[in-house]
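With the hints as your guide, set chains B and C onto chain A.
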Amino acid sequence: MNAQLSSLIEDLDKVRKHSPLVHNITNDVVMNNTANALLAIGASPVMAHAIEEVEDMVSIASALVLNIGTLDSSKVKAMLLAANKAKQLNTPIVFDPVGVGATAYRNTVAEQILQQCKPTIIRGNASEIMALAKVNTKTKGVDSTVSSDSAIDLAKQLAKSYACVVVVSGEIDYITDGKEILEVKNGHTLMQRVTGMGCSATALIGAFVAVNNDVLKAAYNAMVVMGIAGELAAANASGNGSMQVNFLDELYKIDQAIIKMYFKA
Amino acid sequence: MNAQLSSLIEDLDKVRKHSPLVHNITNDVVMNNTANALLAIGASPVMAHAIEEVEDMVSIASALVLNIGTLDSSKVKAMLLAANKAKQLNTPIVFDPVGVGATAYRNTVAEQILQQCKPTIIRGNASEIMALAKVNTKTKGVDSTVSSDSAIDLAKQLAKSYACVVVVSGEIDYITDGKEILEVKNGHTLMQRVTGMGCSATALIGAFVAVNNDVLKAAYNAMVVMGIAGELAAANASGNGSMQVNFLDELYKIDQAIIKMYFKA
Amino acid sequence: MNAQLSSLIEDLDKVRKHSPLVHNITNDVVMNNTANALLAIGASPVMAHAIEEVEDMVSIASALVLNIGTLDSSKVKAMLLAANKAKQLNTPIVFDPVGVGATAYRNTVAEQILQQCKPTIIRGNASEIMALAKVNTKTKGVDSTVSSDSAIDLAKQLAKSYACVVVVSGEIDYITDGKEILEVKNGHTLMQRVTGMGCSATALIGAFVAVNNDVLKAAYNAMVVMGIAGELAAANASGNGSMQVNFLDELYKIDQAIIKMYFKA
Numbered sequence: 001m002n003a004q005l006s007s008l009i010e011d012l013d014k015v016r017k018h019s020p021l022v023h024n025i026t027n028d029v030v031m032n033n034t035a036n037a038l039l040a041i042g043a044s045p046v047m048a049h050a051i052e053e054v055e056d057m058v059s060i061a062s063a064l065v066l067n068i069g070t071l072d073s074s075k076v077k078a079m080l081l082a083a084n085k086a087k088q089l090n091t092p093i094v095f096d097p098v099g100v101g102a103t104a105y106r107n108t109v110a111e112q113i114l115q116q117c118k119p120t121i122i123r124g125n126a127s128e129i130m131a132l133a134k135v136n137t138k139t140k141g142v143d144s145t146v147s148s149d150s151a152i153d154l155a156k157q158l159a160k161s162y163a164c165v166v167v168v169s170g171e172i173d174y175i176t177d178g179k180e181i182l183e184v185k186n187g188h189t190l191m192q193r194v195t196g197m198g199c200s201a202t203a204l205i206g207a208f209v210a211v212n213n214d215v216l217k218a219a220y221n222a223m224v225v226m227g228i229a230g231e232l233a234a235a236n237a238s239g240n241g242s243m244q245v246n247f248l249d250e251l252y253k254i255d256q257a258i259i260k261m262y263f264k265a
Numbered sequence: 001m002n003a004q005l006s007s008l009i010e011d012l013d014k015v016r017k018h019s020p021l022v023h024n025i026t027n028d029v030v031m032n033n034t035a036n037a038l039l040a041i042g043a044s045p046v047m048a049h050a051i052e053e054v055e056d057m058v059s060i061a062s063a064l065v066l067n068i069g070t071l072d073s074s075k076v077k078a079m080l081l082a083a084n085k086a087k088q089l090n091t092p093i094v095f096d097p098v099g100v101g102a103t104a105y106r107n108t109v110a111e112q113i114l115q116q117c118k119p120t121i122i123r124g125n126a127s128e129i130m131a132l133a134k135v136n137t138k139t140k141g142v143d144s145t146v147s148s149d150s151a152i153d154l155a156k157q158l159a160k161s162y163a164c165v166v167v168v169s170g171e172i173d174y175i176t177d178g179k180e181i182l183e184v185k186n187g188h189t190l191m192q193r194v195t196g197m198g199c200s201a202t203a204l205i206g207a208f209v210a211v212n213n214d215v216l217k218a219a220y221n222a223m224v225v226m227g228i229a230g231e232l233a234a235a236n237a238s239g240n241g242s243m244q245v246n247f248l249d250e251l252y253k254i255d256q257a258i259i260k261m262y263f264k265a
Numbered sequence: 001m002n003a004q005l006s007s008l009i010e011d012l013d014k015v016r017k018h019s020p021l022v023h024n025i026t027n028d029v030v031m032n033n034t035a036n037a038l039l040a041i042g043a044s045p046v047m048a049h050a051i052e053e054v055e056d057m058v059s060i061a062s063a064l065v066l067n068i069g070t071l072d073s074s075k076v077k078a079m080l081l082a083a084n085k086a087k088q089l090n091t092p093i094v095f096d097p098v099g100v101g102a103t104a105y106r107n108t109v110a111e112q113i114l115q116q117c118k119p120t121i122i123r124g125n126a127s128e129i130m131a132l133a134k135v136n137t138k139t140k141g142v143d144s145t146v147s148s149d150s151a152i153d154l155a156k157q158l159a160k161s162y163a164c165v166v167v168v169s170g171e172i173d174y175i176t177d178g179k180e181i182l183e184v185k186n187g188h189t190l191m192q193r194v195t196g197m198g199c200s201a202t203a204l205i206g207a208f209v210a211v212n213n214d215v216l217k218a219a220y221n222a223m224v225v226m227g228i229a230g231e232l233a234a235a236n237a238s239g240n241g242s243m244q245v246n247f248l249d250e251l252y253k254i255d256q257a258i259i260k261m262y263f264k265a
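Chains as they are written, first to last, in the numbering used here: chain A, 1 to 265; chain B, 1 to 265; chain C, 1 to 265.
A portion of the hints provided could be inaccurate.
Each computed BS3-like pair below joins lysine-lysine, with the alpha-carbon atoms no more than 25 Å apart [as the list claims (entries may be wrong)]: (1) LYS160/C to LYS179/C; (2) LYS77/C to LYS87/C; (3) LYS77/A to LYS77/B; (4) LYS156/C to LYS134/C; (5) LYS77/A to LYS134/C; (6) LYS77/C to LYS156/C; (7) LYS77/B to LYS264/C; (8) LYS87/B to LYS185/B; (9) LYS77/B to LYS14/B.
Source of the hints: derived by calculation from the structure; they are not laboratory data. Bear in mind the structure is a predicted one, so any value in this text is a computation, not a measurement.
Isolated chain A, as found in the complex:
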């Protein structure tokens, strides 16, 4: 077995053995799916966004996930408080800049999170990563058609600027720390037709980085698990309804044998 797969299987075993608590401050659309995705893989999810408790909650968590899908000023304040505490405790922070580029407010908030929270990992689709990189260079807006190459270059630049790992989700997922670039070839287009699939990916990254200090590998491992579960789910789906259900079942069932059989090098 190659080193990549060994690392993946080791992480998966650790997630199931230690059931790390992943604290999510996330959007209202996907909370249920995200919690179930974390439960399916063996982690322990908690969703909490009250300003009064986020610092306490993140203090007992092994990873913090920030997602601005349905942001408001109160949630943003909670994110900044939780992230500040996470930084003090060296707890990894995963940031999902949902919809950045769509509105000036999202750009402002995303920049605030980048600057103040210094995420350990950022995950977005090509448009979001591109918009985020542009925010960084003080421009606004998002291109609707994005070339993968451009996204990769900007992802590397973003990773370097913030000393973090950047994940670009797409037909091929790219994971970079600004130097190395890893590619995940597993996955299925039907995943794009289920709301919150990207948010689930971000949460799973939280579970993997909670058990693996090698941040690049943790992000890569989580994305391989996403991709294989997505492929297997799509094989028996007849639409995005069954896709959503099957995906959780496949996350629940995934193991060493399945990973070895379906992993695309």
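This is chains B and C only, laid out in the frame that chain A set:
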């Protein structure tokens, strides 16, 4: 093929081709289903309710959906801001007065939305449409048993008063612009046992009115799609769990051949 | 048929016949599941948390469910207002202290609800009930490993202190009014891997206590229904995705014959 079906199939093709962005300010119970229903039919959903961004978001959207299922003062403010911008841009507004008649607050908010937002289309069940019409005539409350005839008359009156199209969902759906009344005979009673089915109908109307300027026809076409998908979903459901999943799958699969086979004239 | 089963079947018939309105002020993660669980069993759910309307809403409801899973100061205020009105109207209150013990804020809020709302029934897992009992005795925190015996003793003490019924969910569910202890042996471990299963239990208790003045029996009956539906759902599940769907289907289908066949005395 008759003119009704031609229009429906044309709309469906346009939704799938152009993937119109539908901006939803909706309730916390149904956000996931609504987003998935829009994705299933081929539209592009966005859920956003921050006061700081709703005007920007609706500016890039092709339709605005307002739903007061779990309203609060902040969401109401966001709805009014978004609707005002939508009006300026001639973007259609679809209003779902969930639970109007149940509390004085919902009646007040519903009236505010009617007066200030002037929705393009209103969709509710018979009780809600009746309550809304009564709000309009300054009375409160809602009758728990509502005759279809009464609902139709009040729907016509409401449509005339606000120069909009009104959809009354039920065993038969009625769609009226105050003059003409169209009837949709497709559908299944199990749809009432799944939370947010009406909210999905409202969102689909948003997708259809985004691609068809004939508002009456757009609303009618969306309701036929709802009805057929609901019937087919119920045929293989063994409860409201599988009904919810099947419904999304049927929306995903629906096409010209299915519509022609199952449409009830 | 023994007296326990007669009572259960009578309650189920009443829920389906009268379709009691259950008013939920609950968390953002489980709203959809909770609403669908109530619809599946035949009750009528409403989710409403605006301070402006909770008193009106609870006034037309037959039970009030309070759940602090994703609490914030506004929801807490709404809970206290609604509970106060419920008390005036002798409407039963079911309290789900999700995550109590995890943060100081949850402990404070849980104590406030205990003191000011005087719930009719409290349902939690062993850790939560233990934490709640400790809050009551002015200590903080929660033990991660909890012996069933300790939980039972604390549950009895809590029930006595607040003159309420306490439900401890687990492999065996314990239901106590401080004197008697009833046990539910139905259930399946896969239920713990679906988010919000406990919240659904709490909501179902709301539906049963809405039709049965014998609070201890109502809580017991709801938990038996949960357990049987969970077992049957697990029998055909291949992960937590299908488990969530099957569970709703089984609640929808459950009837006298199924209960008699699967009830574990």
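Are there hints from earlier that the structure breaks, and if so, what are their numbers?
Hints 5, 6, 7, 8 and 9 contradicted; others consistent.
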